[in-house]
Amino acid sequence: MIKVLVEKDSYYDSVFLMLIASEVKKVPGVEEAVVSMGTEINTELLREIGFGCPEIEEATPNDLIIAVEAEDDQTLEQAFEKARELFSRKKIQRESAEAYRPVSLDTALKMMPEANLIIVSVPGRYAFREARRALEGGLHVMLFSDNVSLKEEIELKRLAAEKGLLMMGPDCGTAVINGKPLCFANTVRRGGIGLVAASGTGLQEVTCCIDELGQGISQAIGTGGRDLRPEVGGTMMLMGIEALKGDPQTEVIVVISKPPAEAVARNVINRLEETGKPCVVHFIGLAGAGSSSQSTGRVLYAGNLEEAAGMAVALLQGRSYRPRTFTLAEAEVKRLVEQEVAGMSGRQKYLRGLFTGGTLADEALILFEREIGGVYSNIQTKPELLLPDPQRSKEHTIVDLGDDLFTQGRPHPMIDPTIRVDRLRKEMEDSEVAVLLLDCVLGYGSHPDPAGAMRDSIVRAKEKAKQRGGYLAVAASVTGTEADLQDLQEQREKLESAGCIVMPSNYQAAMLALRIIQKGGGS
Amino acid sequence: MSTKNMNVEKITELFSRDLIVINMGLEVFADTLKKEGGRVLPMDWRPPAGGNEKLSSLLKRLGR
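Listed in order, the protein sequences are those of chains A and B.
Oh and the first sequence: position 371 is 371 in the numbering used here, straight run, nothing missing.
Oh and the second sequence: position 25 is 25 in the numbering used here, straight run, nothing missing.
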C-alpha cells in the first residue's frame with residue numbers, strides 16, 4: 001500500500017527530513033518511506049522506487065513530499081501520524097526558540113550587522129548565488145554545499161581574494177575558527193597550532209591527534225577539496241597561510257591536502273617558508289613523504305595524518321620529532337598480530353576497509369596500495385582497480401561510504417551509519433575476509449553513538465567467521481576528543497567489547513590491519 | 001589566480017574578534033554553535049522564487 005502527501009510551501013532542510021524518514025521507517029510494518037523536498041532529483045527518485053503519482057509531478061523544491069509504503073492502511077496511518085508528530089514538534093521548537101528567522105540574507109544582515117561569517121549549506125544549485133551575495137556583503141564564508149561547479153568556485157574565490165575574505169569551500173565540511181567548531185568538527189582545545197586543510201576528515205584527524213598530545217588549535221581553516229587544483233591555484237590555502245602568519249596565536253602552521261600540481265605545491269611551500277614560522281606539510285600519499293621525512297628549511301614533510309600532528313607538536317615544544325609507526329612497543333604489536341591470525345582459516349586473506357571519512361579512506365588506501373597493491377575501491381585513481389560494483393567488495397577492498405555513489409537520497413554515513421551497517425551485513429557472509437578496518441568519527445554533525453551503531457554487526461560478523469571455522473580480525477580507530485559530545489572513552493570501549501583492536505589513529509589502525517594481512521591465514 | 005599581493009587583514013581581524021555567525025541552510029550547524037556558546041542567527045532559508053526554476057532564473061538575470 002502506498003500513500004503520497006504533498007504539502008505546498010513547506011520548506012525543511014535535508015538533514016532534518018532524512019531524520020524524519022528514518023523515524024517513520026522504524027514504524028513496524030513500514031516498508032519504505034521517503035520524506036523530501038520536491039526537487040527534480042527527488043521526484044525522479046520517487047518515480048523510480050514506485051511512488052510516481054500526479055501530485056509529485058507538480059511539486060516544486062519548496063513543497064514537502066511524504067511518501068510511505070506499508071503493509072496495510074492502518075500502518076500507513078500510523079506512519080503519517082508519526083511524521084505529523086515530528087513536524088509539529090519541530091514547529092513548536094522553532095516558535096519557542098527564536099523571535100524571527102530571516103528568509104533573505106539582506107534581512108539577516110540588517111538584523112545582525114555585526115555578523116562576520118556565514119555558513120552556507122543550501123542545495124548546491126543555489127549555493128553560488130548566496131555565497132557571492134554574502135561575500136559582497138562583507139562576510140567571511142564557509143560553504144558546506146557541494147555540487148558547485150569549478151567555474152563558480154574560481155569566481156567566488158577571486159571575489160574573496162579581492163575583498164580579503166575567507167571563502168572556505170565549496171564542499172568544506174570542517175573548520176575551527178576562534179575556538180568554535182563549524183559544521184563537522186571536534187571540540188579541540190585552543191593552542192598554538194594553526195591549520196589550513198583541503199580535506200575535512202583529514203583536518204578532524206589531525207586536530208584530534210594534536211588534542212590527544214595535549215596541545216591545541218589556534219585556527220583550522222578548510223579550503224574545500226579542489227582548492228589546490230591548478231585552475232583554482234590554491235587561492236584559499238595561500239590566503240589562509242598568510243593569515244596564520246599574521247596571527248599572533250599561531251606558532252606552528254600545518255597544511256594538509258591531496259598532492260597538488262607541482263606549481264601549486266611550490267607556491268604553497270614558498271609561502272610557508274616566507275611565514276618565518278615552523279611549518280608541517282602533509283600531501284596525502286605523495287611519493288617521497290613517509291617515515292624518512294625530509295626537511296626543506298622551515299618546512300617538514302609528514303608521511304601521514306598522525307605524523308603531521310606529532311611533528312607540529314614537537315615543533316611547538318621546540319624539540320625534534322622522533323618518527324614511529326606504533327605507539328605500542330613492537331613486541332606488543334607482534335603479539336597482537338599473532339593473536340589475531342592464530343584462529344584464521346586458510347581461506348581468509350582479504351582486507352575490507354569500510355570508511356565513513358573520505359580522507360581516512362584515502363590514507364588507508366594509499367598505504368595498502370604502496371605496501372601490497374591491487375586494492376579495489378570506489379575512490380581508486382587506477383581505473384583497473386575501480387570497484388566494478390561499488391555495492392560489492394572484491395578481493396582487497398577499501399570503500400569510502402560517504403561517496404555520492406552511496407549517499408543518493410540517504411544521509412552521509414557519519415550522520416547516520418546505516419549505510420555501513422548494511423555493508424557490514426554483506427561482508428560478514430564472505431568467508432575470504434580476514435580483516436575489517438573501520439573508522440569512527442566523533443564530533444559535531446556526527447551520529448551520537450557511531451560505535452554503538454555498528455557494535456552488534458561486528459559481533460555478528462565475528463560469530464559468523466567462527467561458525468565457518470575461522471576468525472575475523474577487526475582494527476579500528478576513533479577520531480575524537482575527550483571534549484566531544486560523544487564520550488570518547490566509551491566509544492573506544494564499545495568497539496573493544498565487540499572484539500575490535502582500537503588503535504590510537506587511523507594510520508596505526510591501517511598499519512595493524514596491514515601487518516595482519518601480511519602475516520595472515522591466506523598468505 | 002594571482003595571490004601575490006594578498007590582503008588578509010580582514011581575516012586576521014576576524015581571528016581577534018568574537019565570531020558572529022549567520023547560518024543559512026542546515027539547522028544543525030546553528031545548534032552546534034549555540035551549544036558552544038557562539039552567537040548565531042539562524043535563517044529560515046527557502047529556495048528563491050518558491051522553487052520556481054523559470055522565475056528564479058529570470059530574477060537571476062535581473063540581478064535580484
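Quick caveat, the hints were computed from the structure, so don't treat them as lab data.
For glycine and all other residues, C-beta sits at the position ideal for the given N, C-alpha and C.
Do not rely on the hints blindly, as some may be mistaken.
Estimated spans, in silico, between C-beta atoms of each pair [stated by the list, open to error]: (1) B:9 / A:84: 35 to 41 Å; (2) A:49 / B:36: 35 to 41 Å; (3) B:36 / A:47: 37 to 43 Å; (4) B:9 / A:31: 54 to 60 Å; (5) A:496 / B:9: 47 to 53 Å; (6) A:327 / B:9: 37 to 43 Å.
Some chain A residues flagged as far from chain B (calculated, every beta-carbon gap over 10 Å) [claimed, not checked]: (7) 48; (8) 85; (9) 117; (10) 122; (11) 149; (12) 180; (13) 213; (14) 214; (15) 238; (16) 299; (17) 321; (18) 373; (19) 385.
Comparing the hints with the structure gives:
1. B:9 / A:84: 35 to 41 Å: 52 Å, violated
2. A:49 / B:36: 35 to 41 Å: Given a distance of about 39 Å, which is inside 35 to 41 Å, the answer is holds.
3. B:36 / A:47: 37 to 43 Å: 42 Å, holds
4. B:9 / A:31: 54 to 60 Å: About 58 Å separates the Cβ atoms of residue 9 of chain B and residue 31 of chain A, which means 54 to 60 Å holds.
5. A:496 / B:9: 47 to 53 Å: Between residue 496 of chain A and residue 9 of chain B, where Cβ atoms are some 49 Å apart, the hint holds.
6. A:327 / B:9: 37 to 43 Å: This hint holds: roughly 42 Å between Cβ atoms.
7. 48: Given a closest Cβ separation of 21 Å, the condition holds.
8. 85: With a cut-off of 10 Å, residue 85 of chain A remains clear of chain B, as the shortest Cβ separation is near 18 Å.
9. 117: The claim breaks: residue 117 of chain A does not keep its Cβ more than 10 Å from every Cβ of chain B (closest is about 5 Å).
10. 122: 4 Å, violated
11. 149: Correct as stated: the minimum Cβ-Cβ distance to chain B is 15 Å, above 10 Å.
12. 180: Residue 180 of chain A is in fact no farther than 10 Å from some Cβ atom of chain B, at 5 Å.
13. 213: 22 Å, holds
14. 214: 21 Å, holds
15. 238: Violated, since 5 Å does not exceed 10 Å.
16. 299: 18 Å, holds
17. 321: 27 Å, holds
18. 373: Non-interface label stands for residue 373 of chain A: nearest chain B Cβ at 37 Å, farther than 10 Å.
19. 385: Residue 385 of chain A is indeed farther than 10 Å from all Cβ atoms of chain B, at 34 Å.
Of the numbered hints given earlier, the model fails hints 1, 9, 10, 12, 15; all others are met.
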